[in-house]
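Chains as they are written, first to last, in the working numbering: chain A, 350 to 775; chain B, 10 to 454.
FYI, nobody ran anything at the bench for these hints, they're computed from the structure. For every residue, glycine included, the Cβ atom is placed at its ideal position computed from N, Cα and C. Hints are supplied without guarantee of correctness; some may be wrong.
Here are some of the chain A residues that sit facing chain B, going by a computed Cβ distance under 7 Å [claimed, not checked]:
| hint | residue |
| --- | --- |
| 1 | 563 |
| 2 | 573 |
| 3 | 748 |
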Amino acid sequence: MAPRRAAVVGGNRIPFARSNGPYAHAANQDMLTAALDGLVSRFGLAGERLGEVAAGAVLKHSRDFNLTREAVLGSALAPSTPAYDVQQACGTGLEAAILVANKIALGQLDSGIAGGVDTTSDAPIAVNERLRQALLAANRAKSTGARLAALARIRPNHLVPEIPRNSEPRTGMSMGDHAAATALRWQVTREDQDALTVTSHHRLAAAYDRGFFDDLLTPYLGLNRDQNLRPDSSLEKLATLKPVFGRGEGATMTAANSTPLTDGASAVLLASDEWAADHGLPVLAHFVDAETAAVDYVHGEEGLLMAPAYAVPRLLARNGLTLQDFDFYEIHEAFASQVLSTLAAWESPEFCKEKLGLDAPLGSIDRAKLNVNGSSLAAGHPFAATGGRIVATLAKLLAERGSGRGLISICAAGGQGVVAILEAAK
Amino acid sequence: MSDWYRDMTNSAVLGGLTRRLGLPRPAVLRRHTPGDPLLTGPALVVAAGTGPLVAAVSDLLRADGAEVRFEADGERLAAVVLDATGAETPAELEEVRTALGPALRRLAPSGRVVILGRPPVEADGPTAAATRQALVGIARSVAKEARGGATANLIQVSDGAEDALASTLRFFLSGRSAYVSGQVVRVSPAEVPDAADPTTPHAGRVAVVTGAARGIGASIAETLARDGATVICVDIPAQGQALSTVANRIGGTALQLDITAADAPARLAEHVVERHGGADVIVHNAGITRDKLLANMDEARWASVIAVNLEAQLRINAALLETAGALKENARIVCVSSMSGIAGNRGQVNYAASKAGVIGLVEATAPLLRERGATINAVAPGFIETEMTAAMPFGTREVGRRINSLSQGGLPVDVAETIGWLAQTASAGVTGQTVRVCGQSLLGA
């Protein structure tokens with residue numbers, strides 16, 4: 350007997366804010382609680398016990414060791430709803446959804462929420478590593494003298510704190526510089542990147558204007574739309590920007606065609622069809638399958654953000670599908686160049702043969718089906734919250750269409766990629 | 010916001026001073042909290058004329074746990090019910106004087122005077138019609154003479170509507186009608202569905218409340234939920250955060266919807282059918298003001314007020330009536346009008362137009378709903394203490410608060426309780442009417 354499929358019932362997120370913007374003083378727990386509460390009120394779940402809530406944050410304070418459970422306790426859900434934290438860099442939100450969906454498919458759960466949150470404004474700041482070592486030594490010391498001796502090793506420069514950086518620990522390079530190297534490798538032009546960016550802004554704005562997000566989003570702290578959204582974005586304006594990643598002639602990546610640092614949270618309600626029917630809730634889509642891949646970017650074998658290019662063909666093969674068998678493609682726009690590099694790789698006979706071991710390339714996709722309501726370049730990208738945004742958006746798109754299939758592809762730090770397939774509910 | 014003047018006149022230190030100076034003394038009104046008895050003391054039931062309803066009224070009061078007296082013996086009375094449905098000549102009105110006059114002196118704080126009469130339009134000739142209409146003048150004057158937070162209202166009971174009277178009589182006697190005074194409500198013959206428990210009249214019902222994120226709308230949602238309803242709280246997407254908080258607090262759901270959008274009525278109808286299998290109660294509360302003197306009024310101010318306050322109600326009603334299953338049997342629609350829609354208001358030509366329009370809407374829609382067992386009514390709030398009135402200039406606010414028989418502003422819950430009464434299945438006999446919640450304001454009276 351095939352396992353049952355998890356249903357996507359709906360989603361909720363708070364508008365995404367630019368770093369140090371309206372959410373500058375909102376903690377991860379505040380934002381995740383707000384996203385949960387919006388979801389609870391949309392579906393009338395106040396006081397209800399759900400199977401579980403799985404969510405996470407990429408940038409997390411050590412005090413937030415039980416972030417999701419604390420958010421649940423602060424939400425309108427029943428306190429008897431269990432929760433746990435997930436972290437897979439930018440794949441966190443989608444990975445959380447996969448975890449909950451799999452448990453529902455196995456019959457271990459009837460309902461659950463998957464979510465994610467991130468703030469780059471209220472970021473954790475750690476004490477200097479040498480100060481930390483000195484304090485720990487003092488703590489271990491058994492006599493007052495030994496304690497003073499340990500503390501005496503503290504120097505003024507030890508008071509400089511450790512601030513989280515957007516760089517890969519093993520290469521020391523920023524994610525943007527990694528992506529710039531990949532863009533060069535695939536010869537992705539500045540013009541194509543800017544065009545993708547403008548399209549993202551225009552499509553997101555149009556989706557807002559037609560009320561698409563009325564039941565996907567709950568305003569927060571006075572913000573009603575994604576702060577990064579520029580409905581009047583144009584190729585001419587974007588052409589004036591100087592590159593910020595990569596060097597010299599070949600530098601094509603600007604602040605516009607890369608996602609900005611963003612604050613926000615999202616949550617998705619998943620359930621069995623029976624649970625949804627019992628609660629009078631229509632099903633938007635079903636979770637079909639998912640795959641995660643990782644690449645060796647450390648030794649230069651592959652680009653940091655190219656793992657989805659490997660995950661998708663494995664997922665397609667397992668499900669007997671081709672790349673063209675989709676009505677919607679939701680490819681997370683970490684950088685415009687990431688999306689374009691991935692598409693270029695799938696079109697490349699050499700890449701598909703040598704790296705993927707395929708006889709023929711996966712081929713190209715109909716760009717009209719790509720990120721039809723915009724994506725991260727326009728909405729912004731609070732790392733762990735992006736997966737929930739995309740799952741809910743795609744599920745609603747499929748529900749509106751009434752049939753069809755959608756592909757989700759999200760690249761993540763550490764050379765990882767998380768991909769999934771959703772199908773319209775029948 | 011707090012009413013500093015009412016608090017002062019009710020304080021131990023300054024209360025006596027205001028009394029000696031002869032200043033108005035607004036009372037702290039009795040309001041309903043769950044578990045309250047219908048009345049806080051005995052009720053006197055008297056008649057002018059033959060008193061055909063005295064027995065039925067007495068039974069109803071006793072069933073609700075109230076003590077009934079037929080003669081006043083000097084004790085404080087929580088209520089006086091005067092059955093004047095048998096009075097058909099002006100001479101019989103003398104009995105109003107003898108029966109009601111002495112009783113008023115013994116009325117307790119927040120006491121209730123309810124006069125029962127017959128509708129003048131159904132009278133058999135000018136003499137009976139004049140007598141029946143005289144009761145309107147009596148009720149409105151008694152409401153003005155009442156002190157200590159007491160109210161007086163007239164219920165016009167059509168011939169054959171006696172069985173449909175209970176929910177209305179109960180409302181006017183209870184703390185739920187704290188800020189409703191000097192009103193005339195007509196009860197027509199109607200099939201009253203099996204009696205719900207009067208303490209939770211909305212149990213098991215689904216209610217839609219527009220403009221539910223704040224103020225009066227949030228109070229309506231809370232009050233309906235308190236009385237048992239599952240509430241779909243609707244407001245514009247920009248109010249989503251507050252809306253979500255209200256919905257979660259009352260165990261309801263939030264629906265972010267701009268009711269003026271072209272597809273909003275269809276989306277709302279589809280939502281109630283898909284998610285709830287239809288709605289029992291629709292409360293059209295959403296409203297905006299965009300004040301300017303007509304000479305300075307621009308098109309945007311005019312259009313937005315008409316669109317939100319009037320057109321949206323018309324379009325939603327039409328969609329709900331057209332969509333199979335959207336309105337359940339015995340559905341109740343309650344619209345929010347305004348004192349401005351009755352009296353007019355300087356600087357509010359657009360608002361008054363929309364709110365007067367609502368009264369017309371209600372009168373014309375009632376006959377369309379009758380065959381479904383459904384009703385539609387409006388409430389017209391007077392000066393209600395909300396964020397909007399708190400933002401008024403001090404002088405304007407104080408005048409607004411005092412120029413009514415209760416010498417104070419009402420609370421959002423007073424509007425909500427009135428809507429809750431009209432929304433009851435038991436209120437089947439009340440339809441096409443506009444009930445003011447204004448403490449008998451002088452404006453438009």
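Quick check: which numbered hints come out false for this structure? Number 3 only.
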